[in-house]
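There are 2 protein chains.
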Amino acid sequence: MNWYLQNGKDSDVIISSRVRLSRNIEGIPFVQKCKTEELKTVYDKMKDATIAIGYGLKFISLKDLDDLNRELLVEKHLISPEFSKSKNPYTAIIINDEENICITINEEDHIKIQVFSSGLELENLMNLAIEIDQKIEELVPYSFNKKYGYLTACPTNVGTGLKISTISHLPALTITGNSRKVLNAVNNLGMSIKGIYGEGAKSDGDLYQISNNQTIGVTEKEITKNLKLISGKVIEQERMARKYLTKKGIDLEDKLYRDYGVLSNARKMSEEEARELISNVKLGTDLGIITELDDSKISRLILETKPASIQIKVGKKLSIYEQEIERANVIKQIIAN
Amino acid sequence: MNWYLQNGKDSDVIISSRVRLSRNIEGIPFVQKCKTEELKTVYDKMKDATIAIGYGLKFISLKDLDDLNRELLVEKHLISPEFSKSKNPYTAIIINDEENICITINEEDHIKIQVFSSGLELENLMNLAIEIDQKIEELVPYSFNKKYGYLTACPTNVGTGLKISTISHLPALTITGNSRKVLNAVNNLGMSIKGIYGEGAKSDGDLYQISNNQTIGVTEKEITKNLKLISGKVIEQERMARKYLTKKGIDLEDKLYRDYGVLSNARKMSEEEARELISNVKLGTDLGIITELDDSKISRLILETKPASIQIKVGKKLSIYEQEIERANVIKQIIAN
Numbered sequence: 179m180n181w182y183l184q185n186g187k188d189s190d191v192i193i194s195s196r197v198r199l200s201r202n203i204e205g206i207p208f209v210q211k212c213k214t215e216e217l218k219t220v221y222d223k224m225k226d227a228t229i230a231i232g233y234g235l236k237f238i239s240l241k242d243l244d245d246l247n248r249e250l251l252v253e254k255h256l257i258s259p260e261f262s263k264s265k266n267p268y269t270a271i272i273i274n275d276e277e278n279i280c281i282t283i284n285e286e287d288h289i290k291i292q293v294f295s296s297g298l299e300l301e302n303l304m305n306l307a308i309e310i311d312q313k314i315e316e317l318v319p320y321s322f323n324k325k326y327g328y329l330t331a332c333p334t335n336v337g338t339g340l341k342i343s344t345i346s347h348l349p350a351l352t353i354t355g356n357s358r359k360v361l362n363a364v365n366n367l368g369m370s371i372k373g374i375y376g377e378g379a380k381s382d383g384d385l386y387q388i389s390n391n392q393t394i395g396v397t398e399k400e401i402t403k404n405l406k407l408i409s410g411k412v413i414e415q416e417r418m419a420r421k422y423l424t425k426k427g428i429d430l431e432d433k434l435y436r437d438y439g440v441l442s443n444a445r446k447m448s449e450e451e452a453r454e455l456i457s458n459v460k461l462g463t464d465l466g467i468i469t470e471l472d473d474s475k476i477s478r479l480i481l482e483t484k485p486a487s488i489q490i491k492v493g494k495k496l497s498i499y500e501q502e503i504e505r506a507n508v509i510k511q512i513i514a515n
Numbered sequence: 179m180n181w182y183l184q185n186g187k188d189s190d191v192i193i194s195s196r197v198r199l200s201r202n203i204e205g206i207p208f209v210q211k212c213k214t215e216e217l218k219t220v221y222d223k224m225k226d227a228t229i230a231i232g233y234g235l236k237f238i239s240l241k242d243l244d245d246l247n248r249e250l251l252v253e254k255h256l257i258s259p260e261f262s263k264s265k266n267p268y269t270a271i272i273i274n275d276e277e278n279i280c281i282t283i284n285e286e287d288h289i290k291i292q293v294f295s296s297g298l299e300l301e302n303l304m305n306l307a308i309e310i311d312q313k314i315e316e317l318v319p320y321s322f323n324k325k326y327g328y329l330t331a332c333p334t335n336v337g338t339g340l341k342i343s344t345i346s347h348l349p350a351l352t353i354t355g356n357s358r359k360v361l362n363a364v365n366n367l368g369m370s371i372k373g374i375y376g377e378g379a380k381s382d383g384d385l386y387q388i389s390n391n392q393t394i395g396v397t398e399k400e401i402t403k404n405l406k407l408i409s410g411k412v413i414e415q416e417r418m419a420r421k422y423l424t425k426k427g428i429d430l431e432d433k434l435y436r437d438y439g440v441l442s443n444a445r446k447m448s449e450e451e452a453r454e455l456i457s458n459v460k461l462g463t464d465l466g467i468i469t470e471l472d473d474s475k476i477s478r479l480i481l482e483t484k485p486a487s488i489q490i491k492v493g494k495k496l497s498i499y500e501q502e503i504e505r506a507n508v509i510k511q512i513i514a515n
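Sequence order for the protein chains is L and U.
Using the working numbering, the first residue of the first sequence is number 179, and each one after it goes up by one.
Using the working numbering, the first residue of the second sequence is number 179, and each one after it goes up by one.
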């Protein structure tokens, strides 16, 4: 099963965890300064290395994917929107069937090792990332400086080259009006927190990414420990807010079930409305109020209602209006299933 | 089965039909001028006559019913709100199990014979009313004037003493903004049409009563023919408006199914909101869009979500807030059944 359909630790609040290591190959300029043949060298080296890395990884050139399938990778948070639109002819991903490992080639850096898990799973992810990192390093020597550590295109990644993040679902903090306070507190603790679809809007599905700012002068272990600590605090705050909300009893139940009723019966629905309703329905499910759904269905609702997912399912490009109708169909099918 | 749970002719538009004959007993003043012992005479005469009238009728003194059960009769449109609150100790109804016959004793007139049917069923109802009328007349002589006809307390009933009416459901005329036009046209044709819960408000469930104004100088047959004709025109207009609406396709379907989703999933609901949602869900059912419900469930939803029905079901008086919660329960039970 794909990692994002699984049920992880603390997944009532933490949707997923990600570890990313930025690496560059010794003796080749950073991507932005590369000549075409140098980009090809990186691309070929990694293509040749793929089998040897193991994990059932496959090398997929981005130019072999159509627009919708690139967009699907973005919707799964496996690659960035910018990378999906890159004109560079030597971009690729190295990915396994479970999609919990996705290495990007010639994005901002030559190599970005990314590993994913549902729920809060930082240490295990960190270990997996380091294991993959060591296997690759045996095959292609990295650009490394004794004083600074790993060298990266963007100075904010120099050192460990590590970005570690969690995505949390904070609907109760939003409803009780406390999300701003928690966001500020996390930012003051040296971590970065932001809505994953952009700032502040209610329609962002109440999903927030927490990630480390610092990559140099601290060890991977310290960064991991810190993010775990802060994610734990956020979990605590969100759960307190939920406890407070449940005291509202029937009023909360009524609000969440009305949203469930609209979600499961509408005949057309915008992406934005779906996000908002799914967020509340997920809250209802996590609180044990809504019993018609489970975590796996919620994960599918979040992913499969996005534009590229919908169009790939139907097998053709759709207008926004057609997507809205098909989105309602998809939602009904997932819920009924 | 009670008449109001049955499925009648043209019941996509016409909810029900009613024929009412106002009669008074010869030699006894009208109710408002009666002494207590005269009220008792009317009451006793009709009590004694009940078995002889037939139809499985039973005599029930209103003073033997508590507030909620009187209110329930109002909610079923079997008696008027004023009659349910009457302080007169000699009020009664004569009613059968199907509740399609309900004769009121000492309301505005000594005797009001009322017969009901679901759907559009005017001639049969008229025949039944006349049949009952003749049986009663054999037992108690009526106050009748050769020139004017039957004498009644209110001059607007003198002559035939006949009020005949239909209740129609006109949601499409409301949605398309044409209800006012149709209401005016009916009023100009010498019939009276009005919202059954009061004027104009959207929350009246789009239910309208059409009834005759004239009771003198015309025969029962002419009145019946006229009301049938005009109800037919209203049916035609409403069906045209529905046909127009169905051209909106998915947009209409979406609207009606969202209402169905809220109706079937809410955990508390006001009487007003229930009326509005049930009206739209009935439209969806009549158009064949909503397939989860049938006419019998719709009839139950309309009746059993009213305040007295809810409280009688629970077996005690409830606050408005408690009624809202219980109303949502009742709705879910009817839909799931």
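If you are wondering where the hints come from, they were derived from the structure by calculation, not from laboratory data.
If you're wondering where the values come from, they're calculated on a predicted model, not measured in any experiment.
Treat the hints loosely; a few may be bogus.
Any copy, or any two copies together, can satisfy a pair, since identical chains are not distinguished.
Stated by the list, open to error - Straight-line Cα separation of at most 25 Å, DSS-like style, residue types lysine-lysine; simulated pairs:
id : residue 1 : residue 2
1  : Lys425    : Lys510
2  : Lys241    : Lys433
3  : Lys187    : Lys236
4  : Lys426    : Lys510
5  : Lys254    : Lys406
6  : Lys495    : Lys372
7  : Lys236    : Lys475
8  : Lys510    : Lys475
9  : Lys433    : Lys510
10 : Lys313    : Lys433
11 : Lys495    : Lys426
12 : Lys494    : Lys213
13 : Lys421    : Lys218
14 : Lys324    : Lys254
15 : Lys187    : Lys433
16 : Lys421    : Lys399
17 : Lys426    : Lys211
Original post:
What label fits Lys313 with Lys433 when the C-alpha limit is 25 Å: within, between, both, or neither?
Top reply: For Lys313 and Lys433, neither the intra-copy (51 Å) nor the inter-copy (57 Å) Cα distance is at most 25 Å.
Original post:
Between copies, within a copy, both or neither: which fits Lys494 and Lys213 at Cα up to 25 Å?
Top reply: Answer is neither; intra-copy 36 Å and inter-copy 84 Å both fail.
Subject >> Alpha-carbon proximity context of Lys510 and Lys475, limit 25 Å >> reply: Both, since 11 Å and 23 Å are each at most 25 Å.
**OP:** At 25 Å max between alpha carbons, let me know whether Lys324 reaches Lys254 within a copy, between copies, both or neither.
**Re:** neither (36 Å within a copy, 88 Å between copies)
**OP:** Up to 25 Å between alpha-carbons, please classify Lys495 paired with Lys372: within, between, both or neither.
**Re:** neither (31 Å within a copy, 51 Å between copies)
**OP:** Since the copies are identical, ignore which copy is meant and state whether Lys426 and Lys211 lie within 25 Å (CA to CA) inside a copy, between copies, both or neither.
**Re:** So Lys426 and Lys211 fail the 25 Å test inside a copy (58 Å) and across (56 Å) alike.
Subject >> Intra- versus inter-copy proximity for Lys433 and Lys241 (alpha-carbon distance at most 25 Å) >> reply: Neither, since 46 Å and 42 Å both go past 25 Å.
Original post:
Checking Lys433 and Lys510: alpha-carbon separation at most 25 Å within a copy, between copies, both or neither?
Top reply: both (20 Å within a copy, 16 Å between copies)
**OP:** Go through the copies and call it for Lys421 and Lys399: within, between, both or neither, with a Cα cutoff of 25 Å.
**Re:** Neither. Shortest intra-copy (33 Å) and inter-copy (68 Å) distances fail the 25 Å Cα cut-off.
Original post:
Within a copy, between copies, both or neither: where do Lys495 and Lys426 come within 25 Å Cα-Cα?
Top reply: between (44 Å within a copy, 24 Å between copies)
Subject >> Up to 25 Å CA-CA - Lys236 versus Lys187, copy category >> reply: The answer is neither: 28 Å in one copy and 67 Å across copies each exceed 25 Å.
Original post:
With identical chains treated as interchangeable, where does the CA-CA distance between Lys254 and Lys406 reach 25 Å or less: within a copy, between copies, both, or neither?
Top reply: Classified as within; 23 Å inside a copy, 63 Å across copies.
When the structure is compared with the earlier hints, violations turn up for hints 2, 3, 6, 7, 10, 12, 13, 14, 15, 16 and 17 and for no others.
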